[in-house]
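Given chain A, put chain B in place with the hints provided.
There are 2 protein chains.
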Amino acid sequence: MKRFLHVKNVPKLYCANVDSFKYSKTVPTHELLTRLNYISHPKAGLVNWLPAGLSSMNKISNVVRKRMNEIDFEELGLSLISHNSSWKKTGRWETGLEFFKLDGKEYLLVPTAEEEITNHVASHLTSYKNLPLLYYQINPKFRNEKRPRSGLLRGKEFIMKDAYSFDIDEKSAMTTYNNVIGAYTRIFQDLRLPFTKAAADTGEIGGSLSHEWHYLHETGEDTVFSCDNCGSVSNVEKTLSFPVEETEVADVSVTYFMTKDKSTLVCAYYPKDRELQPNFVKNEVPDLNVHITDQELILAEFSDPDTLISKKIIRIMDARLNSRSNFPDFPISFINRSLITTLSDIPIVSAEEFEICGECEDGKLHGNRAIEIGHTFYLGDKYSKPLGCSVEVPVGNKTERKDLMMGCYGIGVSRIIASIGEINKDDKGLNWPRIVAPWEVTVVEAGNGNKEFEEVYRYLNQAGLDYRADNRPKVGLGKKINQSNLMGIPITVILGKKFPIIELEIRGKKYGDSWKQVYESRDFEWEVEYENGQDIKHFVHKDGLSRALEGLLEDM
Amino acid sequence: MKRFLHVKNVPKLYCANVDSFKYSKTVPTHELLTRLNYISHPKAGLVNWLPAGLSSMNKISNVVRKRMNEIDFEELGLSLISHNSSWKKTGRWETGLEFFKLDGKEYLLVPTAEEEITNHVASHLTSYKNLPLLYYQINPKFRNEKRPRSGLLRGKEFIMKDAYSFDIDEKSAMTTYNNVIGAYTRIFQDLRLPFTKAAADTGEIGGSLSHEWHYLHETGEDTVFSCDNCGSVSNVEKTLSFPVEETEVADVSVTYFMTKDKSTLVCAYYPKDRELQPNFVKNEVPDLNVHITDQELILAEFSDPDTLISKKIIRIMDARLNSRSNFPDFPISFINRSLITTLSDIPIVSAEEFEICGECEDGKLHGNRAIEIGHTFYLGDKYSKPLGCSVEVPVGNKTERKDLMMGCYGIGVSRIIASIGEINKDDKGLNWPRIVAPWEVTVVEAGNGNKEFEEVYRYLNQAGLDYRADNRPKVGLGKKINQSNLMGIPITVILGKKFPIIELEIRGKKYGDSWKQVYESRDFEWEVEYENGQDIKHFVHKDGLSRALEGLLEDM
Numbered sequence: 001m002k003r004f005l006h007v008k009n010v011p012k013l014y015c016a017n018v019d020s021f022k023y024s025k026t027v028p029t030h031e032l033l034t035r036l037n038y039i040s041h042p043k044a045g046l047v048n049w050l051p052a053g054l055s056s057m058n059k060i061s062n063v064v065r066k067r068m069n070e071i072d073f074e075e076l077g078l079s080l081i082s083h084n085s086s087w088k089k090t091g092r093w094e095t096g097l098e099f100f101k102l103d104g105k106e107y108l109l110v111p112t113a114e115e116e117i118t119n120h121v122a123s124h125l126t127s128y129k130n131l132p133l134l135y136y137q138i139n140p141k142f143r144n145e146k147r148p149r150s151g152l153l154r155g156k157e158f159i160m161k162d163a164y165s166f167d168i169d170e171k172s173a174m175t176t177y178n179n180v181i182g183a184y185t186r187i188f189q190d191l192r193l194p195f196t197k198a199a200a201d202t203g204e205i206g207g208s209l210s211h212e213w214h215y216l217h218e219t220g221e222d223t224v225f226s227c228d229n230c231g232s233v234s235n236v237e238k239t240l241s242f243p244v245e246e247t248e249v250a251d252v253s254v255t256y257f258m259t260k261d262k263s264t265l266v267c268a269y270y271p272k273d274r275e276l277q278p279n280f281v282k283n284e285v286p287d288l289n290v291h292i293t294d295q296e297l298i299l300a301e302f303s304d305p306d307t308l309i310s311k312k313i314i315r316i317m318d319a320r321l322n323s324r325s326n327f328p329d330f331p332i333s334f335i336n337r338s339l340i341t342t343l344s345d346i347p348i349v350s351a352e353e354f355e356i357c358g359e360c361e362d363g364k365l366h367g368n369r370a371i372e373i374g375h376t377f378y379l380g381d382k383y384s385k386p387l388g389c390s391v392e393v394p395v396g397n398k399t400e401r402k403d404l405m406m407g408c409y410g411i412g413v414s415r416i417i418a419s420i421g422e423i424n425k426d427d428k429g430l431n432w433p434r435i436v437a438p439w440e441v442t443v444v445e446a447g448n449g450n451k452e453f454e455e456v457y458r459y460l461n462q463a464g465l466d467y468r469a470d471n472r473p474k475v476g477l478g479k480k481i482n483q484s485n486l487m488g489i490p491i492t493v494i495l496g497k498k499f500p501i502i503e504l505e506i507r508g509k510k511y512g513d514s515w516k517q518v519y520e521s522r523d524f525e526w527e528v529e530y531e532n533g534q535d536i537k538h539f540v541h542k543d544g545l546s547r548a549l550e551g552l553l554e555d556m
Numbered sequence: 001m002k003r004f005l006h007v008k009n010v011p012k013l014y015c016a017n018v019d020s021f022k023y024s025k026t027v028p029t030h031e032l033l034t035r036l037n038y039i040s041h042p043k044a045g046l047v048n049w050l051p052a053g054l055s056s057m058n059k060i061s062n063v064v065r066k067r068m069n070e071i072d073f074e075e076l077g078l079s080l081i082s083h084n085s086s087w088k089k090t091g092r093w094e095t096g097l098e099f100f101k102l103d104g105k106e107y108l109l110v111p112t113a114e115e116e117i118t119n120h121v122a123s124h125l126t127s128y129k130n131l132p133l134l135y136y137q138i139n140p141k142f143r144n145e146k147r148p149r150s151g152l153l154r155g156k157e158f159i160m161k162d163a164y165s166f167d168i169d170e171k172s173a174m175t176t177y178n179n180v181i182g183a184y185t186r187i188f189q190d191l192r193l194p195f196t197k198a199a200a201d202t203g204e205i206g207g208s209l210s211h212e213w214h215y216l217h218e219t220g221e222d223t224v225f226s227c228d229n230c231g232s233v234s235n236v237e238k239t240l241s242f243p244v245e246e247t248e249v250a251d252v253s254v255t256y257f258m259t260k261d262k263s264t265l266v267c268a269y270y271p272k273d274r275e276l277q278p279n280f281v282k283n284e285v286p287d288l289n290v291h292i293t294d295q296e297l298i299l300a301e302f303s304d305p306d307t308l309i310s311k312k313i314i315r316i317m318d319a320r321l322n323s324r325s326n327f328p329d330f331p332i333s334f335i336n337r338s339l340i341t342t343l344s345d346i347p348i349v350s351a352e353e354f355e356i357c358g359e360c361e362d363g364k365l366h367g368n369r370a371i372e373i374g375h376t377f378y379l380g381d382k383y384s385k386p387l388g389c390s391v392e393v394p395v396g397n398k399t400e401r402k403d404l405m406m407g408c409y410g411i412g413v414s415r416i417i418a419s420i421g422e423i424n425k426d427d428k429g430l431n432w433p434r435i436v437a438p439w440e441v442t443v444v445e446a447g448n449g450n451k452e453f454e455e456v457y458r459y460l461n462q463a464g465l466d467y468r469a470d471n472r473p474k475v476g477l478g479k480k481i482n483q484s485n486l487m488g489i490p491i492t493v494i495l496g497k498k499f500p501i502i503e504l505e506i507r508g509k510k511y512g513d514s515w516k517q518v519y520e521s522r523d524f525e526w527e528v529e530y531e532n533g534q535d536i537k538h539f540v541h542k543d544g545l546s547r548a549l550e551g552l553l554e555d556m
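Protein sequence lines, in the order shown, are assigned to chains A and B. If you're matching positions, the first sequence starts at 1 in our numbering and goes up one per residue. If you're matching positions, the second sequence starts at 1 in our numbering and goes up one per residue.
Excised from the complex, chain A in its bound form (with noise of 0.2 Å):
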């Protein structure tokens, strides 16, 4: 349809693959993502962002750089390809089994950018008084998973909002710590789904104190737990438990550690059933190595008599367990009793649901299902230090060499369309926020088109509105509306028979009421159908369709 003003249409391919198509709700939302060509996968783990894709990924980024922005992160744009040099010296070149190297593995694909930052920053920070030095970008960042799934949700390359800072000590990098959760706080609200931060470990990145961001749904591949008492919320590595009450554990397994230094074994003992948290047994033997876990090799260095008067043994046992257990034996013959020191009532396994929390002692645990979908760490000098990346500072009246204290915080961008996205979908399709969809308002048009609705589509680019008018033609009005549903579109404008009264459908979700102010203060004809108490169609007189439409949406 060829108009003098310009008209913002749907993608040329706007469900061109749904007409052979039954949707319900237990379509994988991966799968229905590619059939409405939100996104394509040109091999498994590869993404192809299609125009609806892009522009909601678009959207998901601006919402992600205001809030960034507020807290004045800068934004850059670092290399996609890294040098080994780095990633040798902090060690985690060996331990980078993902990488994509290439080049004749002398550089990498990143899969963040700690190395990379730290260098910059090492080799343009003039002066202490420029700190903190806050940095983030959005951008591609790669993994080599030999096993990609799920589409969005883990694949060989994805989007990625990675922040960085750098601070003169721990206490001002604390103080920028709370205020990159105040920022994500405020970008989960602005996403209008409801949201988790969880305690967390550290893991491969490192630092010492850690936060998952998680939307509780049943098809996360996390698991987080909420105190009903204290309130606090920890993913399950980081979850301690004590159990309800003095249970009866037969059977109890064994599992053995032993410390870097190779001077004490340590006996970690659960009960069989139960899953055994290597990182809590660590929390009370802080110099153990988590990374040997054979066992046999872990015995043998412990087998021989002779030495073994020079070394300790700790024996650890789980909270859930009692004397009256059925301990295995001890698989090592001459001990000296006085070697050995045991520690009782640690919770060393996995929490349950309904246990007792770890942290207050007190209230019931309750477990959820989570998808992650950021994660913030403070990192100490953990980066800072083997890359050099430090400052002179004055103290007193001479000047002294600090290494910087660093955080990192990642969100991951094209997780959230593919998390939102199967939280949201419901009988109808897809269902987005108006802060995440391609597009707010779907314009389609009854008949053979009306030069009188013209005025319609002017009327929407002066207001600015984020619509897309679906003139395909050939493509009944029914099919029209339910394509717009199931692309997740919020508002279906219909311009029909009884223009200049325009009928609008709602699809998207309500998550408050303001538009009843605009409607209360209407001056011009605006009716409402409601079915079970929710507004499901508005008659709005052409004359107000902007300021409905304004009003509608700031609820969505």
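Among the hints, erroneous ones may be present.
Rough simulated footprint, nothing fancy, chain A against chain B, three-plus residues with beta-carbon under 8 Å [as the list claims (entries may be wrong)]:
#, segment
1, 34 to 48
2, 75 to 85
3, 341 to 348
Restraint ranges, calculated between C-beta atoms of paired labels, are given here [claimed, not checked]:
#, chain 1, residue 1, chain 2, residue 2, range
4, A, Asn461, B, Lys510, 23 to 33 Å
5, B, Glu527, A, Lys66, 16 to 26 Å
6, B, Glu454, A, Tyr128, 27 to 37 Å
7, A, Tyr128, B, Glu527, 36 to 46 Å
8, B, Arg149, A, Asp294, 19 to 29 Å
9, A, Asp555, B, Gly476, 44 to 54 Å
10, A, Gly182, B, Arg401, 56 to 66 Å
Worth flagging that the hints you see were computed from the coordinates, not collected in a lab. For every residue, glycine included, the Cβ atom is placed at its ideal position computed from N, Cα and C.
Using the frame of chain A, we list chain B on its own:
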């Protein structure tokens, strides 16, 4: 400086590297961009886009985006990793000496995306009614450049806008091609600098019609010729030329070629002091194999007297030669003269300044050094045929499968920054058109700040002006102004003792004088200081600040 309102500040490491740096116009632009923290190079050929550089790049991208959207191209973002299978089908895998190959050489980092976009269309197009399909993306591209140089001009990674079109036939593809020509013209007009569109050879990308888009500048590595009679413009690989008058050429060189079917020896004769253009020889003998250049190998093919009888020989004489020239001996002895065809007066060498235009055979050619910033190609079915990108088309009352007719269209976004930086720099440093500047206005304050100045930031925020405040402590006012000029920011706003009168220092080039209309209709105090007829300073009352700035920026 802490304020209640949000003040947008210059980047933290803004100009941190220039204190020990003496600027002069001879400082190479890529060094300047690095010293001013627009970019950094973690390794030769790799680029980190620092906050100022990223901002300029995003601004250019947005100009491109606007103009491509206007001609109904849809933006998407294809995977940066591509499987080799399609590249083998199109024959580009073997020729790709500069590919970054990864993961057992099964994948590559994309240098351009003809293969992937053609696959996408082949698998998603359901009806010819959806044609034309028009796509573009703005994202990183990769080339394993062995000798990266000049910062952004020839690197291992760069930001490119690449667009692709799919049409039902050549006629419709030509309409698309011309629409792109229009959009490119508007893009480069938006960017303010004079540019040239030159007919170009299609080279490795292939196809049959091609234009290069250039900035003419003495630092360019390309040469572009234009005719002062017919106005045709072409690059050196496409410019046919005739000698000014019959000149005496003493020594003649010869280069041998053969046809792909090895049936014909082609002997190209040309002046010894000129550069042969094999493409021009190929114009005369379309089956010519320009890739085989080993002279001995070629002559060996034609040295067997027994088979020579079945072969042909074509002698091509450059237009600059005549019978008095000193030709080399013919290297093959037994020749049946009837097998030899001689073509004379053919232009086969690179044109030179003031030679006669090969198009109109009348005007004089003028050569200019040029920096290539864009390239447009009509591809025909070069990619659609091997990749099976076709569609059913009704022909009478039957249907036929037709290969789609493609075009591809590149713009070097990162190159444009380097080029405009180079072309526009002057005695004071960089000098950006406002649409490319990382920000448009730097605000500096004399003295120790003044509570009243807050009002100015409030005005600037309200007007949505793209300013940054330079509130670095202990940096003098003069230095701040000089650094803003060195960075190439169009205007510096100086808040000082004369407040509420505010001084504006003009740095940017004026490409118009529509500001004078705003000046004539002013209803606030506004004095102008001229030097050599140029307005170099403005003194504006705070109430008119945003209107004066908007008026002045309009021309920059």
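Checked hints:
| no. | hint | in the structure |
| --- | --- | --- |
| 1 | 34 to 48 | holds (count 7) |
| 2 | 75 to 85 | holds (count 9) |
| 3 | 341 to 348 | violated (count 0) |
| 4 | A/Asn461 / B/Lys510: 23 to 33 Å | holds, 32 Å |
| 5 | B/Glu527 / A/Lys66: 16 to 26 Å | violated, 39 Å |
| 6 | B/Glu454 / A/Tyr128: 27 to 37 Å | holds, 28 Å |
| 7 | A/Tyr128 / B/Glu527: 36 to 46 Å | holds, 43 Å |
| 8 | B/Arg149 / A/Asp294: 19 to 29 Å | violated, 52 Å |
| 9 | A/Asp555 / B/Gly476: 44 to 54 Å | holds, 52 Å |
| 10 | A/Gly182 / B/Arg401: 56 to 66 Å | holds, 59 Å |
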